[in-house]
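A.B. asks: One letter stands for each residue in the lines below.
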Amino acid sequence: MIWNTNLRWRLPIACLLLEVALIALFGVFVRYEMDADPHWLEEKVIKNLSTDLENEFYYRYPSFQDVHVMIFVGFGFLMTFLQRYGYSSVGFNFLLAAFGIQWALLMQGWLQSFDGRYILVNLENLINADFCVGSVCVAFGAVLGKVSPVQLLVMTLFQVTLFSINEYILLNLLEVKDSGGSMTIHAFGAYFGLTVAWILYRPNLHHSKERQSSTYYSDLFAMIGTLFLWMYWPSFNSAISNHGDAQHRAVINTYCSLAACVLTSVALSSALHRKGKLDMVHIQNATLAGGVGLGTVAELMVLPFGSLIIGFICGIVSTLGFVYLTPFLESRLRIQDTCGVHNLHGIPGIIGGIAGAVTASIANIDLYGEEGLAYTFGIERSKLNWSPNTQGRFQAAGLFVSLAMALVGGIIVGVILRLPFWGQAPDENCFEDAVYWEIPKEPKSTALHSEDSSIKPSEP
Amino acid sequence: MIWNTNLRWRLPIACLLLEVALIALFGVFVRYEMDADPHWLEEKVIKNLSTDLENEFYYRYPSFQDVHVMIFVGFGFLMTFLQRYGYSSVGFNFLLAAFGIQWALLMQGWLQSFDGRYILVNLENLINADFCVGSVCVAFGAVLGKVSPVQLLVMTLFQVTLFSINEYILLNLLEVKDSGGSMTIHAFGAYFGLTVAWILYRPNLHHSKERQSSTYYSDLFAMIGTLFLWMYWPSFNSAISNHGDAQHRAVINTYCSLAACVLTSVALSSALHRKGKLDMVHIQNATLAGGVGLGTVAELMVLPFGSLIIGFICGIVSTLGFVYLTPFLESRLRIQDTCGVHNLHGIPGIIGGIAGAVTASIANIDLYGEEGLAYTFGIERSKLNWSPNTQGRFQAAGLFVSLAMALVGGIIVGVILRLPFWGQAPDENCFEDAVYWEIPKEPKSTALHSEDSSIKPSEP
Amino acid sequence: MIWNTNLRWRLPIACLLLEVALIALFGVFVRYEMDADPHWLEEKVIKNLSTDLENEFYYRYPSFQDVHVMIFVGFGFLMTFLQRYGYSSVGFNFLLAAFGIQWALLMQGWLQSFDGRYILVNLENLINADFCVGSVCVAFGAVLGKVSPVQLLVMTLFQVTLFSINEYILLNLLEVKDSGGSMTIHAFGAYFGLTVAWILYRPNLHHSKERQSSTYYSDLFAMIGTLFLWMYWPSFNSAISNHGDAQHRAVINTYCSLAACVLTSVALSSALHRKGKLDMVHIQNATLAGGVGLGTVAELMVLPFGSLIIGFICGIVSTLGFVYLTPFLESRLRIQDTCGVHNLHGIPGIIGGIAGAVTASIANIDLYGEEGLAYTFGIERSKLNWSPNTQGRFQAAGLFVSLAMALVGGIIVGVILRLPFWGQAPDENCFEDAVYWEIPKEPKSTALHSEDSSIKPSEP
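So the sequence lines, in the order shown, correspond to chains A, B and C.
In terms of full-length UniProt numbering, the first sequence opens at residue 1 and continues consecutively.
In terms of full-length UniProt numbering, the second sequence opens at residue 1 and continues consecutively.
In terms of full-length UniProt numbering, the third sequence opens at residue 1 and continues consecutively.
Excised from the complex, chain A in its bound form (with noise of 0.2 Å):
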């Protein structure tokens, strides 16, 4: 079969027409909610607020700005450890993340910010475009080198259209907790991006192995997407959290819980290792798992102890993921896992989750207060027959109803983008930027910058 990857036109056309697609239903549907709006004058003095503070963007603006930073730069440079793919993993991140945040802006709020005539934006829909978008940045990681950008717009577009509903189905019908999105954005996104890459299961790919590996600097670049993502984190599992305590709560629990899984990474990492090395693999990725476990939980009273217990065993499990399971899924699954995110993701997000159920389902009043545990859970706006341990079984349920949705939704898209006219380059040219960029070409001297042979005098 001849596979053909110019994309001159399939590229254009589907980066114009989505484009232009989006501003039209942008025209008809989104406005600004009222603490965007210049109304917004009228407004305070309706609601008796004292000072322009009082306006949500300046409760969220801080996290808004991180999270904006893990989803380009911490996403987009983690996948630049392959050493002939630095430009794809951050130039198709930067791609598929910009078009699906506009699509998710509209997704999300028409399932949740529709006053029935428009969609009404302010920086809390920013943040969660953002977080829908991450789940996107999880699957590619699965798929990575594999596809085409055209495959990435369509998969987006799938993929955003899913995560709302679930995400929909999760917050909104079933009331559960997922600040930090553990099972909304992580173990669904895993899975979906990994039922696509069993689908587009490619036999041969072991002719691109060679790219398949890092380079020194390739895996130095990879640290800057790791390291941002570690330190942001925080602001991540806390940016829509209910104001004041909860943030502040969140904040500190994701960074106890992300400092205790970067020793039990680096344990287990020296220990896999015959002569107890050190695998960058694992420090780039399996140091996040505390992150991604910390998501359901974040805002709830794990206290300090119980986080680091969280990133205790995410780093351990994560690490042993890579040296066992992702072998392990290529090999048995035909599921090619490019960057392990079912170590990172998929793993700790199923953990999250459990954590969500369980943390929740032993929540009191002890530990919360009265008008705390209503106000975390919630509670007045609900049934009034709550109670922790039904809390916990919705809980239980939201991380079912993800895992299943990602699984259905992953073989449908896959399907689609099994298509042959997505531009996808062939098996043996896998992990290849110079399949869909221009390349520059390598200077010819070897010894480049080394002495000023090549600067002619310039002094007499």
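Think of the hints as simulated: they come from the structure by calculation, not from any bench.
Values in this document were obtained by computation on a predicted structure and should not be read as measured data.
Honestly, I wouldn't trust all of these hints.
The list treats identical chains as interchangeable, and a pair is accepted whether it falls inside one copy or across any two copies.
[Unchecked claim] Straight-line Cα separation of at most 16 Å, EDC-like style, residue types lysine to aspartate or glutamate; simulated pairs:
#: 1; residue 1: 44; residue 2: 371
#: 2; residue 1: 441; residue 2: 210
#: 3; residue 1: 441; residue 2: 279
#: 4; residue 1: 441; residue 2: 366
#: 5; residue 1: 275; residue 2: 438
#: 6; residue 1: 44; residue 2: 370
#: 7; residue 1: 209; residue 2: 442
#: 8; residue 1: 209; residue 2: 427
#: 9; residue 1: 275; residue 2: 124
#: 10; residue 1: 44; residue 2: 56
#: 11; residue 1: 209; residue 2: 428
#: 12; residue 1: 44; residue 2: 124
#: 13; residue 1: 275; residue 2: 54
#: 14; residue 1: 441; residue 2: 330
#: 15; residue 1: 47; residue 2: 442
#: 16; residue 1: 275; residue 2: 442
#: 17; residue 1: 209; residue 2: 330
Since chain A is already given, all that's left is putting chains B and C on it; use the hints.
C.D. replies: What follows is chains B and C alone, placed relative to chain A:
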């Protein structure tokens, strides 16, 4: 002609003299604004402020730090795409920006924060100084690789001065809206820089043609700059907007515009390549044009879909500019625009200025509310016969003033920079770090890190 | 002597044991402070707080995240300048910081946030933990490339302990001002690290001399660290200042000092090179000395021009130190200071301490206002016979205590680290990632990405 690029005394003396002069002027003129002064405790009582949060600091600090990152990492790394000019891109940008912000604090201070005896500075002054320097960074992009650091200091000295005067004319005399600086920062900076580049035309630049291209890693470094600019642009366009809904709206608008811009940049980049491949130059630059184009209207009621349209157009125009206009400028107009600032800041800046004029002239009470209209355009503090139409005309006038100032100023500064004693390099040594930097020798071994062969056995 | 650098069991056991101990201690001791606890809802009513914004979280969160970036990306990447030690620089810094912040939460908690039964943590504790670890990162710079990760964990364990005690003496007993930690963080960290390096003197280090230099790209990676440290330093120096004008002033002062420091660093770097060329080492390090030097006085009334003067001096002294002092320390005092922490943190830290003593001793009511003076120096909560002069003398005493603690502590820890079983590398294998890391093989093809030759034809 023999060029002497040894800066041993010229650069140190320039730096030290400038810094001593700055210290003297700061000593005479600069004091803290009340909200950064210990007397603020008394001020709070007088103003009946109930909380420390009413300190301007808390409204603007997150945006300030983001803008700071854009100036130093954003612009600095964006220009590292050249294969042998990374040190200079980051390092000279660092130098000129560090000098420029100090001089801008004084110049902008005298014109806008002078109480008759002292310049009173607070966080807003720091943001404005960063903005002013942003315009110098833009101009730096036009002359990148062709000027010495001494020339850059001289250029910064003059450009900051001109910027401050132009800004004063626009904001204080014409009372235009330009919170993100489409006109004052981008259009002014670009056309100033292009005019300087035109005066400094180098006929034999083809001798260093090879070094004008990128390498694989230099392009990845440049993407760090691109992404930090892209992600933090919402902070840039909202940093000095009015409190509350205006800042909030500016963020939403910029977020939308930039997202749309990515899709059209990718579309055009692929469509204009004979094999449909993407060009890193476009992804690094044109994707940012949407932020430039939104600079004037960011806090106005363009509505989200209006922002998308501006981003849509800017991405297309900017990419077309890189493909068709930059070669034309060089061959026909003898303007050697190293970074293509004309495409990223010049045309999108003009588009932004025009969009501002149009958006202002259609402002009305339906859209803004009575109070909102007065607050947005600062009508109460201005003459009573204000009308949207007048505002629109003043906006247009502001654009022309900026362009005129840039051209006239650029010619004067260009002529000064042509003087032969600034340590500039000859044409064949342009775009080369080794002229001004001590460069490390490349390691001898070709197989640098492969295997442990270079490590002596450490185990028995 | 045969060195065994195989860490297979030592590193994992150290990490796991430490983490298990931390979890146990956290379980017994650490709980949320009221403003991160669900009971805050009730607290708000009691304290009559009208808004969630009065939660400490909103005062400090942006600064916290910036400090977090400085510790992990700033310090981590700053040290990647070594050609074959990038993984270790970033990775070991990551490991020691992740361990250190947990241990610091406990140590600092017991000494400063202990309510008799529990350590109550909130965001301020997280910032202080990051600060404490910052001092370990400084010390890491002195021993970089010459110690194993197990040694680093041991060093961190002891240094965090000593730091917390020293900090307690300075802040609680001597009641000195040191919001940005010139004395507690920088001077302490630097002289502690230098003392350790002195004890761990390696006579045959010239065998790995070649690897002590940088490469073109490793220097660019290091600039990422430099710039994030430089840009976010205003957050560092203001993060735990008093609310309101003090935080605001600390930002302005640090911004000014750092800007001045860049100019004098560049000036001296060029003046001290025979051809007037700039040295990346100076640009990467000396430009930051202004932030260190401002650490003690940041929130005091130094006035902007005072900040410029401190930055001016620090840039000069630091660059001179790199050129003259570092070689002297190595050849005469047998102190091998890999990163030159003496020039960046040692001397500027002392300058900062002295500046603090002077600035405090000239404090007066004219400058601060009556209330401002009391609030700034916390007089109301202290003995009544306070005078600026006393404060100045206590500030000076604080500096001496820090230096004494660093020297004594450094000797003890150095001796412990000399024990032969920590997995340290022999002199000829220093500065080499391959000792502790699995290193990817470099790709065989020299012309890596040039042309599409390696891509099979995909078009008919």
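A.B. asks: For every hint, state whether the structure bears it out.
C.D. replies: Going through the hints against the structure:
1. Taking identical chains as interchangeable, the C-alpha atoms of residue 44 and residue 371 lie at most 16 Å apart only when they sit on different chains, with a minimum of 12 Å there against 27 Å within one chain.
2. In this homomeric assembly, residue 441 and residue 210 come within 16 Å of each other (Cα to Cα) only across copies, at 10 Å, whereas the closest approach inside a single copy is 20 Å.
3. Taking identical chains as interchangeable, the C-alpha atoms of residue 441 and residue 279 lie at most 16 Å apart only when they sit on different chains, with a minimum of 13 Å there against 31 Å within one chain.
4. Within a single copy, residue 441 and residue 366 get their C-alpha atoms no closer than 66 Å, and across copies no closer than 57 Å, so neither meets the 16 Å cut-off.
5. In this homomeric assembly, residue 275 and residue 438 come within 16 Å of each other (Cα to Cα) only across copies, at 9 Å, whereas the closest approach inside a single copy is 41 Å.
6. For the identical chains of this complex, residue 44 and residue 370 are inter-copy neighbours only, at 14 Å across copies versus 30 Å inside a copy, given an alpha-carbon limit of 16 Å.
7. For a Cα distance limit of 16 Å, the shortest separation of residue 209 from residue 442 across copies, 14 Å, qualifies, whereas the shortest one inside one copy, 23 Å, does not.
8. For a Cα distance limit of 16 Å, the shortest separation of residue 209 from residue 427 inside one copy, 10 Å, qualifies, whereas the shortest one across copies, 37 Å, does not.
9. When the C-alpha separation of residue 275 and residue 124 is checked against a cutoff of 16 Å, the pair qualifies neither within a copy, at 48 Å, nor between copies, at 41 Å.
10. In this assembly of identical chains, residue 44 and residue 56 lie within 16 Å of each other by CA distance solely inside one copy; the values are 12 Å within and 19 Å between copies.
11. In this assembly of identical chains, residue 209 and residue 428 lie within 16 Å of each other by CA distance solely inside one copy; the values are 9 Å within and 34 Å between copies.
12. In the homo-oligomer, the alpha carbons of residue 44 and residue 124 never lie at most 16 Å apart, since the shortest distance is 19 Å inside one protomer and 24 Å across protomers.
13. Taking identical chains as interchangeable, the C-alpha atoms of residue 275 and residue 54 are never at most 16 Å apart, the minima being 57 Å within one chain and 53 Å between chains.
14. For a Cα distance limit of 16 Å, the shortest separation of residue 441 from residue 330 qualifies neither inside one copy, at 34 Å, nor across copies, at 23 Å.
15. With identical chains, the CA atoms of residue 47 and residue 442 are never at most 16 Å apart, being 63 Å at best within one copy and 64 Å at best between copies.
16. For the homomeric pair residue 275 and residue 442, neither the shortest alpha-carbon distance inside one copy (36 Å) nor that between copies (21 Å) is at most 16 Å.
17. Taking the shortest Cα distances, residue 209 and residue 330 sit within 16 Å of each other inside one copy (13 Å), while across copies they are farther apart (44 Å).
The structure is inconsistent with the numbered hints 4, 9, 12, 13, 14, 15, 16, although it conforms to all the rest.
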